[in-house]
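Working from the sequences, and respecting the hints, build out all of it.
Protein chains: 2
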Amino acid sequence: MDNNFSLSALIRSRRSTRRFQEQSVSRALLLQCVEAARLAPSAENSQPWRFFIVDDPACKDTLAQKAFGGVFLPTRWAAAAPVLVVLCLQTDSIAKRMASKVAGTTFSMIDIGIAGEHFCLQAEELGLGTCWIGWFDKKGAQQALKLDKRFQPVIMLAVGYPLDSNRRPGKRKDLDEICFFNQGEKPPHLPPS
Amino acid sequence: MDNNFSLSALIRSRRSTRRFQEQSVSRALLLQCVEAARLAPSAENSQPWRFFIVDDPACKDTLAQKAFGGVFLPTRWAAAAPVLVVLCLQTDSIAKRMASKVAGTTFSMIDIGIAGEHFCLQAEELGLGTCWIGWFDKKGAQQALKLDKRFQPVIMLAVGYPLDSNRRPGKRKDLDEICFFNQGEKPPHLPPS
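Keeping their order, the protein sequence lines are chains A and B.
If you're matching positions, the first sequence starts at 28 in my numbering and goes up one per residue.
If you're matching positions, the second sequence starts at 28 in my numbering and goes up one per residue.
By construction, these hints were calculated from the structure, which means they are not laboratory data.
Among these hints, one or two may not hold up.
Intra- or inter-copy, both count: the list cannot distinguish identical chains.
Said to hold, decoys possible - Below, in silico cross-link-like pairs of lysine-lysine (DSBU-like), each with a Cα-Cα straight-line distance of 35 Å or less: (1) Lys176 <-> Lys87; (2) Lys93 <-> Lys213; (3) Lys173 <-> Lys213; (4) Lys166 <-> Lys128; (5) Lys198 <-> Lys173; (6) Lys176 <-> Lys198; (7) Lys200 <-> Lys173; (8) Lys176 <-> Lys213; (9) Lys213 <-> Lys198; (10) Lys200 <-> Lys123; (11) Lys213 <-> Lys166; (12) Lys93 <-> Lys123; (13) Lys173 <-> Lys123; (14) Lys173 <-> Lys93; (15) Lys176 <-> Lys200; (16) Lys213 <-> Lys87; (17) Lys87 <-> Lys173; (18) Lys87 <-> Lys198; (19) Lys176 <-> Lys123; (20) Lys87 <-> Lys123; (21) Lys176 <-> Lys93; (22) Lys213 <-> Lys200.
Structure representation (structure tokens):
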């Protein structure tokens, strides 16, 4: 492990990875990523996330065919990733759906975002690249994996060793476009890092 | 900085923090947390998150009164945090709403989860405690901060230096309850960490 490691360095080095080496990914590493996700916080500690990890080539082909057809063809590139993860929501309890309705927020989607990003940051630390994929056929994914109806596919993650050549940083809004203090005060400028 | 730092250690040490020291939090640290969130990935790189950081005691009182009243009284404890962050969604573009409708997923909620957790993990690394708060009066928060209607409050974060005595670990489901391979295969057991 790099002794100069810090979270901010990890976050700065993370890229959405869309091109991968052919090398397979060991289940031990994949499970370390799920372990990071397992410890994530969630609304009322409901832990609604379920990770379906597809690393068998035949199963991955079936999934890619069913999930990336028709209008979803633009994400077909993900079929070349050595691993696809279908991140599912375990159907909410009635109590949780009621709370979401009163509060006006779909908590379970936020929970999925938190846990999924724990997975992705852990992958980054292990030298793996990931990409979040929202654009896929959910019914197709459900069929391909023969998922029980309790599990609703929400989002996918492509996982593998990155081809470095394609790891460009994404552009981001400036800090003062996304951050305000109290009743709209602009933030002081950050010292250069 | 601790040279033995690793993400997995950071994730294991993180707790939802509901009791805080009175000590205030410097804006430099808060901005480091927003900087971590700024670099988060989002659907189509839309970066829909806006962080309204409330560290002025009078403003925080107004916010607490408007946001934690009536049915939302159970989260009134958060008023004692030195900082409250109201994490807002910048209203989606029509194109993005259409994409969410076709794909059947509210991408912006996942994006908020990802960016918010970047904030919380960065806070943890800096010695700060955080707690996600979904249960609050959004209209009240909007009024208290005189928010433009483009900004929809989604979730809040309480931030401050933790009182260690209350930092118990939350229970989590076992790995084999949340992780499956291919068409439902159970995961191999993780080596003890």
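To test your reading of the hints: which numbers does this structure violate?
none
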